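The residues making up each chain are set out below.
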Amino acid sequence: MLRPERAAGKAPARPKSVRGGQGAAQVGQGAPGSQSAGAPSAARLYSRPMPAALSFVQVRRRFGRLAVLGGVSGAVGAGEALLVTGRNGAGKSTLLRCLAGLLAPDSGTIDFREDAAAPPLDAAARRRSVGLVAPDLAFYGELTAAENLAFFARLRGLGPERGDELLRRLELPPDRPAAAMSSGMRQRLRWAWALLHRPSLLLLDEPFQNLDAAGVEITRRLLAEHLAPGLANPAAPSEPAGIAGPTPGTCLAPGAAPATGPGIGSAGIAPGPAPATAPATTPGIAPTGIAAPGLAVVANPVPLEIGHVAASLDLDA
Amino acid sequence: MKRTAFTWLLWLWIAAVIVGAFDYAPLAARFIGQSSRILFFHVPMAWAAFTAFVTAGVYSLRYLFGARQPDGLRDPRHDRAARAAIELGLLFGVLATVTGAIWSRIMWGSWWNWDPRQTSIVMALIFNGAYLALRDAVEDAEKRARLAAAYAALGLAVTPFFFFVVPRITFSLHPEPVINASGRVEMESRMLQVLLASGAGFTALFFWLHRLRTGLLALADRALAAAPRAALAPAAASRAPVASTE
Amino acid sequence: MSRPASTWTREAAAVFAKEWRCELRTRYALNTLALFAINTLVVVSAGLGPLGAVRGQSGETLPVLLWLILLFAAAAGLPRSFVHEEETQTATALRLAATPSALFCGKLAYALTLLAGLEALVGPLFLAVMNLEVARPGLLAATLAAGGFGLAAGSTLVAAIIAQARGKGTLFAVLSFPVLLPLLLLSVELTRGAFGGGPPGMALIQLILYDGAVTTAGLMLFPVVWNP
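Protein chains in written order, with the working numbering: chain V, 1 to 317; chain G, 1001 to 1246; chain W, 2001 to 2228.
Okay, chain V solo, but in the shape it has when bound (with noise of 0.2 Å):
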């Protein structure tokens, strides 16, 4: 069910790797398209923590004798976008709110670590991390942009900073009521909230509905932020100079983490092309100011054009 895509075709013909029988490709330097089976190895070797991942198997729901969902697999890993398309009712949302931990599913696993090397977040855990986008998300009307904001910065233990740069990069006006808000500026504040505490994971339940030309570019360009921190940032100390832009299938590899995950590489999910080099850093020194890659997974009735996309999973199919 889980299909690998060449988002815009730039990308060179890579080889099908199933994830988990071999090591993937390691953190930090390596030689692009190189597989290295010693996958713990690279874990040892780089201080950094490895970077997050997202799998998930056979995930049901059914709501009453309706099967929203029957056994749906796939994984996604760090600076990789995960693209799920379907028709209205195939069940993206439902899909995304499993992996939001807001709904339970009726069977089936899900594992999100946001350190390969870590233990999976249970539910909770999870609700907290992910950054979510999706239109049944809404906002106190009665509080401005900048209010709501800097609720849930204070319920997350943050401080106002954040939520004011989100809210100049996304344009929006801090003092009007979300109640007197377009449905295009409603959806750029689902944006600023997502991003509010810097999530690992985005989920993104037809991320660009609503908004304007200019709205979409911003996202994109938060989404592409997201997922590849060290490359879309122009102040990076040791950017390599093989890298130049988004490359489509470009990702960090979970690393340790696949052979004990709950049967990723038995379950037979091609996770798309072998991973490539790792932007921005040197083995062993965390550059200064620049996050870890972050994951995505995007539901869209029809697929986007996005970069990053590693996989894409059709429930149609």
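Just so you know, these hints were derived from the structure itself, not from any lab.
Please note: incorrect hints may appear among the correct ones.
[Claimed, not checked] Partial chain G-side listing against chain W, Cβ under 7 Å, derived:
id	residue
1	L1064
2	A1133
3	Y1151
[Stated by the list, open to error] Examples of chain W residues lying across from chain V (beta carbon under 7 Å, computed):
id	residue
4	A2005
5	T2007
6	W2008
7	E2011
8	A2014
9	K2018
10	T2026
11	R2027
12	N2031
13	A2034
14	T2088
15	T2092
16	L2096
17	S2101
18	P2137
Keep in mind the model is a prediction, meaning the values are calculated, not measured.
Glycine is no exception: its CB is placed at the ideal position from the N, C-alpha and C atoms.
Once you have looked at the hints, place chains G and W on chain V.
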């Protein structure tokens, strides 16, 4: 084999209790006519209703906080057991209330007095009804089980106040309990024997009915899980066979 | 997953502040509670006639009326704190961002302050309109405090439950009444004692125990009610 033997024993036991209530036990001194016979049924029914209530609360707690299934989900058996217990609590509670009202009519001429014990059994009945109303009001199965269990657990937290605090507040028309505060048994020994036997019988009856009802609910759930309708008709044709073999 | 105590307190305080900020901008709950309570009080008082209840019986029946007014006003105004979140779909954002126990405490504190305001309004009005003499004012104050606390705590948890079900308005009354009955009976008995009836005995202790039981149940059960 063991189950059938138990069932036979249960029915025989109850039959013996009925015979004993009308033949073996003497009449109580302060009661009008034969009305004291009701005692042997009314009290065990109320006791069974109380047991049902507590059973539901305990299973609800196990559902919410107890060991989970291997896939990390809560165990639906506990939820089914809680629901069955509530339904039976409703049944026994109604029986207890009706027998109590009959007795009250005979003894004091009125069907209902808002005697504190009557009040608390009615409150327990309303509580059970509210639990079932809550279940009917939630569509999603997982949420329904979770919310109902939480409500039953809340009821359990409040139970001591139902059954012990409220009846002590005001003067009660209930005959001073035959096993009174000082622990002395004031009842004639044959009456006591039948009463205790009836209590055991009704408790066993509750657990037997509970097992039957839980089994029925399990079958219903299994039927539902085996044949869910696919969400999209055209896609279902290709997906449904896959779903059933996975 | 546990957060340091200072963050938890800040979370609960943030929820409390948000509730009041939104409420003061719409005044929905305040209006509902106040108007409902005053209307009921007027109906009761007018129904009893110009001289109020017969003096001999007033100590018996009027406490019941007082607590019924409080109970029904609370049922009208308190559930909104959770129902509104679900209906406007802000609950999703809260589920992903807030720690459940801190959320519950913030909402409970909000309900407590609302109810305190309600009692401050209804109490004196009731005494004045019914021409009541209070033999034990300290007991009355303690009863209003303890009874109000239990009312708020029970209502908050039940509101969280019904907010996710259908038929929210009537379902709240159906679910909360059995749970709140012991509180009602104890408070009525205590109020009778305060108005000049017999000494209350153990009832105040039992009421406080009830408050403890319901609050503990709320703290333990809310996370399970709120999240799958």
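Comparing the hints with the structure gives:
1. L1064: Because about 5 Å separates G:L1064 from the closest Cβ in chain W, which is inside the 7 Å limit, the hint holds.
2. A1133: Holds, because the Cβ-Cβ distance from G:A1133 to chain W comes to roughly 6 Å (cut-off 7 Å).
3. Y1151: holds, 6 Å
4. A2005: With a closest approach of 12 Å, the W:A2005 hint is violated.
5. T2007: holds, 4 Å
6. W2008: W:W2008 check fails; min Cβ-Cβ to chain V is 9 Å, beyond 7 Å.
7. E2011: holds, 5 Å
8. A2014: holds, 4 Å
9. K2018: With a closest approach of 5 Å, the W:K2018 hint holds.
10. T2026: Interface hint status for W:T2026: holds (6 Å vs cutoff 7 Å).
11. R2027: violated, 11 Å
12. N2031: Constraint on W:N2031 not satisfied, violated at 15 Å.
13. A2034: violated, 19 Å
14. T2088: Where the cut-off is 7 Å and the nearest Cβ of chain V is about 6 Å from W:T2088, the hint holds.
15. T2092: holds, 5 Å
16. L2096: holds, 5 Å
17. S2101: violated, 11 Å
18. P2137: Not OK, violated: W:P2137 not within 7 Å of chain V, min 39 Å.
In summary, the numbered hints that this structure violates are 4, 6, 11, 12, 13, 17, 18.
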